[in-house]
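Enquirer: Here's the letter readout for the chains.
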Amino acid sequence: MFLHILNYVFTEHTFGIIILLQGEKMMEDRIIFHIDANSAFLSWSAVNALQHGAPVDFREVPSIVGGNQATRHGIVLAKSIPAKKYGIQTGEPIIQARQKCPSLLVIPPEYYVYMRCNAAMCDIVKDFSDRIQVFSIDEVFVDYTGMEKILGDAQAVAHQIKDRIKNELGFTVSVGISSNKLLAKMASDLKKPDAVTTLYRDEIEEKMWVLPVRDLYMVGAATEKKLAKMGIYSIGDLANSEVEFLKDKLMSWGEVIWCFANGIEDSPVKPGGAIPYVKGVGNSCTIHFDVEDRETAHKVLLSLVETVGMRLRQGAFCAKLVQVSVKTSELKTYSHQRKFYVPTDCTNAIFEEACRLFDEVWKGEPIRHLGVRVSELCGNDFVQLSLLENNYEKQRQVDRAVDDIRIKFGSFSVFRAGFLHSRLSPLQGGIVEDFPAMTSIL
Amino acid sequence: MKVSCSKENLTEGINMVQKAVSSKSTLPILEGILIEANQELKLTGNDLELGIECKVPADIQENGSIVINSKIFGDIVRRLPDAEVFIEVTGSNMVIIECENSHFEIKGIPSSGFPALPEIKKENAFVVNQEILRNMIKQTLFAVSMDENRPILTGSLMECKDKKLTFVSIDGFRMALRNYEVDNEAENLKVVIPGKTLNEILKILQPVKDEVSIYSTNNQILFDMNNCKVVSRLLEGEYLNYNGIIPQDYEIKIKVNTKELLAGIERASLVTVDEKRYPVKFNIANDKMVITSNTDIGAVREELKIDMDGGKMDIGFNPRYFIDALKVIEEEQINIFLTSNVGPCTIRPVDKDRFAYMVLPVRTRNE
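Residue numbers (our numbering), protein chains in the order written: chain A, 829 to 1270; chain B, 187 to 553.
This is chain A alone, in the form it adopts within the complex (with noise of 0.2 Å):
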């Protein structure tokens, strides 16, 4: 079966292999971790709220986050394990949940205290290895090959990493250990909570193929309604299938899966920051009434922008190319972009863009919605300064000192006063969505 699969591997993925061979080591050698934080929404605000004094922890009795308890829609985001035996599933409406639980506590997603969480997460697994990837706001990869030399055996240290986030900060993860990220991802799904799992290649066949398909990561329930169909329920029955046929049925998709299922994946652990893997900062809204007049759509523009410099300042990015895009009450839809002399992240600098952009662009009818999006980013810890630029230095001590004051205290702690009585929300969106979503790229 290895050999089978190597020379897939060579025929198929010739240029993965290249890039393979130039790697100072061969994929196989590397150690992977996987640390991903057990319900850890809920748990997060659970530790957040025994620290500030809260008289029960949220994870032993029934209880979700989720929604807004106010208005009483939503769904469940995250469940504790007692809300679970009461048939809770993630997912749900909050009306359906509080039916078969009407006891069931909720809580409101704190976006600010997950941030913390994860970074203090991740504070304590650089002290283990230098390259991390954030992989979601509760899971992080950690590239351990070469530090097993200095720090001891890969299993011992994802115990202390383990042990270390429970006793310093409170919450359990599970973490999954392998040659790949894949693997390593899939191994910390086998024990939860508060456990390590290694999951290397010649384990696959004992602990990754007898699984549902539904488990592989990346297959869901419509691949799994059509594998089903081809006789297929196992991991292992997808692993030992013909990628031929595979891909008959599911086009290039079919390879991606069996190729997963084979525990195939060569994709390095890509720190974030400086490479940028974000590709574009966007943020657009649908205004709740028709905007006629230029005023108000700067100041739309303005609310969009807000967001999308604290996204940037807070991935570390600075970027090259701002965009507007216009919908009209008609739903026409129109979008003009120019590019900056110089990188930037300065708030003003992409606002005052945005607004020459629009007012170039803007033909006077309604607007219904409106939207700004920077991309061609680029890292901001070397930014060359430019004679043709206004200088935003100033500026942009501002932008960092508002920043932190809205980390710390929420997004309305401080907001422009233009944006007093009228109408408008100061501030579009969240910073939160920083977190790359999850894809099939790994």
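Don't take each hint at face value.
Said to hold, decoys possible - Facing chain B, a subset of chain A residues (Cβ under 10 Å, in silico):
1. Lys1155
2. Val1170
3. Gly1207
4. Asp1209
5. Phe1210
6. Val1211
7. Gln1212
8. Leu1213
9. Leu1216
10. Glu1217
11. Glu1221
12. Gln1223
Stated by the list, open to error - Under the rule of at most 16 Å between Cα atoms (straight-line distance), these lysine to aspartate or glutamate pairs were calculated in the EDC-like manner:
13. A/Lys1167 <-> B/Asp333
14. B/Lys538 <-> B/Glu516
15. B/Lys241 <-> B/Asp510
16. B/Lys324 <-> B/Glu194
17. A/Lys1167 <-> B/Glu334
18. A/Lys1148 <-> B/Asp369
19. A/Lys977 <-> A/Asp857
20. B/Lys347 <-> B/Asp333
21. A/Lys1053 <-> A/Asp1043
22. B/Lys467 <-> A/Asp1043
Just so you know, these hints were derived from the structure itself, not from any lab.
Glycine included, C-beta positions come from ideal geometry on N, C-alpha and C.
Please arrange chain B on chain A, whose structure you already have, making use of the hints.
Expert: Okay, now just chain B, sitting in the frame of chain A:
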């Protein structure tokens, strides 16, 4: 047409006019060199932006003219033996090139379709010696912008006012300025010459005391050297007010040996593989300048003794910008004026004001 001239003179002429011949054009005639014999032998290249005309000493037996493909003509003549070259055009536009035992017959194009160089009235000549012009161009050309988004900055400003000739180039991140005192009375000369033209003129000008006369109209400029004429389009638009962007105040003034500083920065930049990203940092304090750079491949530290006036400062620069400027400064000592670690830095001579080089720093994350 029937002429003969020495291979050496002909090659020299071809090399000059080829700078103005487009290598790829939709019109084949623009890829050619115009050869004219009318008492004297004249070669012309013209890509409609830049035109170069050059006289070659020759023996004219019969007047006439023809256009011949520049690349073929150049390649042939360069490979001929060092002897007298005979060129003759037959009635069917065939160009016969003969030299010792070689005989070529190449298809020519009738010269009537060749675009004539724009006529520029030879009035109000501005006369300057070749060596000075050459130096001034060389010392400012490197800071010309490559960014086509601001066309005016892709050229150098040449200005003559109050008996002072000035060249200025600005690419947005730096500025190069040179002055020279002239006793010429050309009034209000103020033109922006494309960087490409200056690059070619630089190759034609010789470090000699011979004079070059410069004539200009609204949109054309003519450089007239003894046997060679260069005509170029000028860039249109208003140039930046360069005087306004040079800071008048400073926080720190330092005096340093040019060569030592250049050598230090050059060494420090060796570890900046990707020069766009990694700056070199200057740490200036206590009559000492420490140059450091810290990159993926390693780190470097250079220490330099300086005379200084003012507090201390940590500032980062793209080393390329400093090296370009320092390389063209002949003075042994220079003054450097720093405003802040996010403000412009100006290099000036210790006495007089013959040049000013300004560089904008690189802001690092912690600032």
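Enquirer: Given the hinted pair B/Lys347 and B/Asp333, is their Cα-Cα distance within 16 Å?
Expert: Roughly 28 Å between the alpha carbons, so the hint for B/Lys347 and B/Asp333 is violated.
Enquirer: Is the interface hint satisfied for A/Val1170? The criterion is a beta-carbon contact with chain B at less than 10 Å.
Expert: Holds - the Cβ of A/Val1170 comes within 10 Å of chain B, reaching about 8 Å at its closest.
Enquirer: With 10 Å as the cut and Cβ atoms as the points, is A/Lys1155 at the interface with chain B?
Expert: For A/Lys1155, the interface hint is violated, since the closest Cβ of chain B sits about 29 Å away, which is over 10 Å.
Enquirer: Next item in the hint list is A/Leu1213. Is there a CB on chain B closer than 10 Å to its CB?
Expert: holds, 4 Å
Enquirer: Can A/Gln1212 be said to touch chain B, with a Cβ gap under 10 Å?
Expert: holds, 5 Å
Enquirer: Against chain B, run the beta carbon of A/Glu1221 and see if the smallest gap drops under 10 Å.
Expert: At about 5 Å, which falls below the 10 Å cut-off, the nearest Cβ of chain B leaves the hint on A/Glu1221 intact, so it holds.
Enquirer: Is it true that the CA of B/Lys324 sits at most 16 Å from the CA of B/Glu194?
Expert: violated, 27 Å
Enquirer: Check whether the Cα positions of A/Lys1167 and B/Glu334 lie no farther apart than 16 Å.
Expert: Holds, at roughly 13 Å.
Enquirer: Against chain B, run the beta carbon of A/Asp1209 and see if the smallest gap drops under 10 Å.
Expert: This hint holds: A/Asp1209 lies near chain B, its Cβ roughly 5 Å from the closest one there, short of 10 Å.
Enquirer: Compare the distance between the alpha carbons of B/Lys538 and B/Glu516 with 16 Å, and conclude whether the hinted pair is satisfied.
Expert: Measuring from Cα to Cα gives roughly 14 Å; hence the hint holds.
Enquirer: Tell me if the straight-line CA distance from A/Lys977 to A/Asp857 falls inside 16 Å.
Expert: Holds, because 13 Å separates the two Cα atoms, which is no more than 16 Å.
Enquirer: Keeping to a limit of 16 Å between CA atoms, is the pair of A/Lys1167 and B/Asp333 held or broken?
Expert: Since the Cα atoms of A/Lys1167 and B/Asp333 sit roughly 12 Å apart, the hinted pair holds (cutoff 16 Å).
Against the hints set out earlier in the document, violations occur for numbers 1, 12, 15, 16, 18, 20, 22.
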